[in-house]
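Undergrad: Chains as they are written, first to last, in the working numbering: chain F, 1 to 331; chain W, 1001 to 1358; chain Z, 2001 to 2391.
The hints are simulated quantities; they were obtained by calculation from the structure and are not laboratory data. Remember, it's a predicted structure, so these values are computed and weren't measured experimentally. A couple of the hints might just be wrong.
Said to hold, decoys possible - Which chain W residues face chain F? A few, computed with CB under 8 Å, are given here:
hint: 1; residue: L1088
hint: 2; residue: T1225
hint: 3; residue: E1306
All residues carry an ideal CB built from backbone N, CA and C; glycine is no exception.
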Amino acid sequence: MNNVNLLDVSNLKVHFPIYLNGLFRKVKGYVKAVDGVSFSLDRGQTLGLVGESGSGKTTIGRAVLRALEPTEGKISFTADGTHVDLATLQGKALKQFRPNMQLIFQDPYASLNPRMTVRDIISEPLECLNSFSRKEIDERVREIAGMCRLNLEHLRRFPHAFSGGQRQRICIARALVSRPKFVVCDESVSALDVSIQAEIINLLMDLQQELHLTYLFIAHDLSVVAHISTKVAVMYVGQFAELAPTERLFFKPLHPYTRALLSAVPTINLETAFEPVKLEGDIPNPANPPQGCRFHTRCPYVSSICKEEIPQWQEWEAEHFVACHRVDELN
Amino acid sequence: MDPNLLIDVQNLRVSFRTDEGIITPVEHVNYRIKREKTLGIVGESGSGKSVSTRALIKLLPKNAIVDPESKILFNRGNGTEPLDINLLPAGSKEIRKLRGGEIAMIFQEPMASFSPVYTIGNQIMEAVRTHRLSSNSPLAATSTVGTHISESLKAKYNNVSKKEARSIAVDMLRRVGIANADLRVDQYPHELSGGMRQRAMIAVALSTHPSILIADEPTTALDVTIQAQILELMKELQTELGMSIIFITHDMGVIAQVADEIAVMYLGTIVERGPKEAVINDPLHPYTKGILRAIPKLNNLGARLEAVGGDIPGPHERPTGCPFHPRCPQRITKTCDKLHPERIEKTPEHFVRCFLHL
Amino acid sequence: MDKTTTLNNDVNLSAEEPEIDQNNKSHEDIKYYTASQWQLVWWRFRRHKLAMVGAGVLLIMVIFGAFADFIGPYSITTRDRSYIMGPPQMPLLSDQKGFSLRPFVHGIKTSRDPVTLRKIATVDPETRRYMQFFVTGSSYKLFGIFDMETHLFGLEQGRLHLFGTDELGRDIFSRTLHATGTSLSIGILGVLVAFVLALIIGGVAGYFGGKIDYLIQRITEIVRVIPVIPLYMGLAAAFPKEWSNMQVYFAMTLIFGLIGWPTLARRTRSHLLGQRGEDYVMAAELSGASAARIIGKHLLPSFTSYIIVDLVISFPYMILSETALSFIGLGLRPPSVSWGILLQDAQNIRAIEQAPWLFLPAAFVVIAVLAFTLLGDGLRDAADPYSVSNH
C-alpha cells in the first residue's frame, strides 16, 4: 500500500471574476485565489496546507473536491486502479465519484443541518447514492458513529443537543460514512478549544490509520499542522512558497516567508526567546498581486530580481520544493 | 492598599438572569493587577474570562447581577483610599470617566468598536476631548479619577482644542506604527486592513493615557505575522506609557509570550494563578497540566496528543463541587464532587484551587 | 463493533465518565435533545403570553366566521321591524324584580315619537324574555352542505340583538359574524395567492441568481412602487356590474395576491440566498445530493418558519385593504357582508350620533389586526429555535 499515488495536482488555477453591478454584469477583473499550484499526495499521507487568510488554502481544498470549478490545471485522482481527471469531470460521472472524497468543515455549528437528526445527517451521503438498503445504511451509520465515539442514543438526537467537540465528531462521521479515500479537513479543529482539539486530532489520526485515509489538512495553526502532516505546503497569495516533508519544513525552512511565519508563532516554550521576524506591511490583495515574487513587498531579503521575475518552483533538495530567487544565497 | 497594586478584585461573582433561570458564569474570582505589568487570563469558551473583566468597567448586559459583596478596588495612588468600582452605580459619571479614561478596552473585532460613519481621527479626537485635560491645563498633572475638581474649573480648562486633539490623534497613529498617519487620520475604518484597524483601535484606546488596558482576544482574528506585530507593539507601548494590561485569550502560546502573571480560568473560576514561569513550567492544577499537555509541540511530531477527556459543560449544567472534577483524572470521590476547593497559596504568589494541594 | 471499542479506549482515558453523565441526563433533557424544530418552535412560542392571546383571539374569530350561521341567531337579511336602529341588548341575570338563573332581556314596547312620528323602541322593564340555547330558528346550510335550523342561542319570545340593529332592523351581531368569515377568508386566500407567487418568483431569483435575479429584482421594485389605492380603484371599477358577488370576491383575492407578492418574494429570495451559502448545504452538495433533495430537504425546511411569520405579518394588510376597498364601495356589494360593508353603514354623522353601535364591526377589525401583529411578533421570536441553543 505504501507510496501509491492518490492525487496529483498540477498547475491548478482558480480565478474568481469580479463583476460590475448591473444587468450585463461586465467582468471587472479576477481574484486570483489560486494561481498555479502543483503537488502530489500518496495514499495514507497527510498534506498540511498553511498560510494566512486570503492565501487561497480553502479554495485549493474546494477546487480539489470540485465544490468549485477550477479555471485551469489537472487534478488526477487514482482510485481502485483507475485514473480520473477531476478538473474536467462533469455531471453524472462527477456525482458518482463524489463518495471517494469528502470535506470536514471548520464550523461544527453551521455545517450540521439543525433540522435533521444525527442519524439522518450521517446517513445522507449514503442516501444520495441510492444503492443501499435501509438496513445496510443503518449498519454503516452505526459502525462509523461508533468509531467516532457516538452512541446509539446520540443518533436520535438533533444537533442542538451537542457541544462543539461532539458536533465535530458528527461531521467526521458524516464525511467518512461513504468510505472516502481522500478527505479535506478545512480548519476542522480551529474552532475548538484546546482541551477538545487534542481529542479530535487524535481521532482524525486514528481513523486515518484504521481506514487508510489521505488527508489534505488546511489550518492556520502551525503546530497543529506540524503534528498531523506528513508534508507541509506554505501558501502565500495564491501560490506555494515552499513544500517539504514536515520535519524539514519546520526545522530547516528555506523560504524567507516560511521562516517569518514560523518565528511568529508564540509557543509555551519559555526557554527560547520569542523573536518574530519583522515583516513590514500587509498581505497583498489577490485581485492585484505584486509583480515578480509575490512576497517581495514584505521580504526582508528583497533584491531587484524579486521585483521583476516570478521565481521558479524548484526542487531544492529531494522532496523539498521552494520558489525563491535567492534561496541559494540565503541557505 | 499596596501602592504597587492597581486593581484588586476580591470574590467577584456575576450572575445573569435568563429565561431558563439564573446562571452564574463567574464565581470566586480573585485577581490583582500590578502597575506596569501584564496579567494574562487564559480560558476556553464559556470560562467567563470576558465577563470577569468587563465587570471592571461595568460593561455588562442589563440582565447581569454583580454580587454586592464583590469588591473591585481601584488604587488611585497618592496614598488616597482605593475606589470600589462595584459600589459605583452603572452609568454614573464616575464610571463613564473610568471607562475610556483610566481603563481602556480593545476587542477582537475592531470593526465592531469603531463607528463606521466617522473617520479614525474623529474617533480619537472625541476620546481625547472627553477624557483628557489640555497639556497646558494646570489640572493636567493632578487629574486622577475620583479627585473632585469643581465643574466650572474643569469646563474652563479641560477642553483640549480641536487642533490640539487632531495633532494628538496623528501622533497616536504614528506611535502605533501606522505609516502616513497624517493621511490615515482622515480615513474611515473600512478603508483600513485588518491589522491596521487593530492598530487604530489601540490608538483610540491609548489616546487618553489609561493606566490600564483590557485587551479581550485582541489578536485572535489576525494572522500570525500580523499578530506578532501587534503583540510587539503592545509591549513597546506598555513600557513607553507605563500602563498595566489585562490580556484575555484562549491561546496558551500567546499568553506565555505576553504575560507577567497568568490566571487560568475554567467554568467561571480562576483555578490557578501565578507568575508566568511557575504556571507554565510547574503547573499545579490538573486542568492547567491538561491543557499544557494537549497543545501540539514541535518536539513530538506525529505522536498521540494527551487530550483532556470529556466536554466543557454548558452554562446550565455546571457541576457541583470543583468545576473541573468530571473531567479530572485525579479527582477524589466524595470530595471534589461535593465541595468547592478553597484558594491555596502553594508558593509565594502562586495560587491554586485544588484538593490535591491541601 | 470490537474495532470500535478498542478505538474508544485509545481515544480517551476517561472516556467513560462523560458517557455516564449522558446516561444520567434527566428525562427532560433527553426530551429536549430529541425535539424537532417544530417542537422547539412551539415550546418557545408558548412562553410568549401576548402572542398566545393573539392566537387565541384569532382562533375564536375563525370559529365565529366559520360557524356564523350557527352562532348568529338570525340570517344577514332577517329584519326585525319592531326594533329598528335599536341599541345593543345585554342579557341580564337580575333586575328590580330579583335574581334569575337564566339570562334574560327585557321586552320591547314600540311607540311613535310625537314630534317626528318615527317608531321608537323602548325597553319595558316589566317583562322578561328568557334566553334559550340551541333554539330552532331560520334554516340555513352549514358550510353550504348540512341543512340545519338550530342556532346557538335565541329568545323564547321576540328577538335578541346583542349588538343592536341597523336602520333596516337587521341584527348587527349576526351580520358581524358573517362579515368576519368573509373578511378573514379574503385575507387568507389573498395571502395564499401572494405566497404561491412569492415562492415561485422569489425562489427562482434566489436559487438561480445572476441575471435572472437582477431582472426579477427590478420587476419586483416596479410592482412595489405602484400606488395601491388608485390601482385598487381602477381594477375594482373594471369589475363588470353583472358579476355575482362570488366572482367579485375571487377577483378581489386575486388582486390582493397580485399586489401583495413583492414583499414576500423579496423575503423568500433573501432567505434562500442566506441559506444557500451555509456549510451544511455545501456538505449536502458534496454528498452528491440532487438539487431537488437540497431544496426539499435542506433549503425549504430552513426557512418555512420564517415564511410563516411573514405570512402572518402580511395578513393585516390584506384585511385592511379589503375593508378599505369595500368601505369606499369598490369591493363587495350588499347584500354580501364584510367588515368594510358593515362600516359603510356607519359612514354618516347620523349614525355616529344616533347609533354608535354600528361601529362595533370596526372593533373586530382593530382586534383582528392587533391579534395578527401580536401573533406575528411571537412567531418571529420563536421561528429560529436554534439561536439560543448554541451555547
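Undergrad: Each hint should be assessed against the structure and marked as holding or not.
TA: Here is what the structure says about each hint:
Among the interface hints, the one on W/L1088 is violated; its C-beta lies about 34 Å from the nearest C-beta in chain F, farther than the 8 Å criterion. The restraint placing W/T1225 at the interface with chain F holds, with a minimum CB-CB distance near 5 Å, inside the 8 Å limit. Look at W/E1306: its Cβ gets to within about 7 Å of chain F, closer than 8 Å, so that hint holds up.
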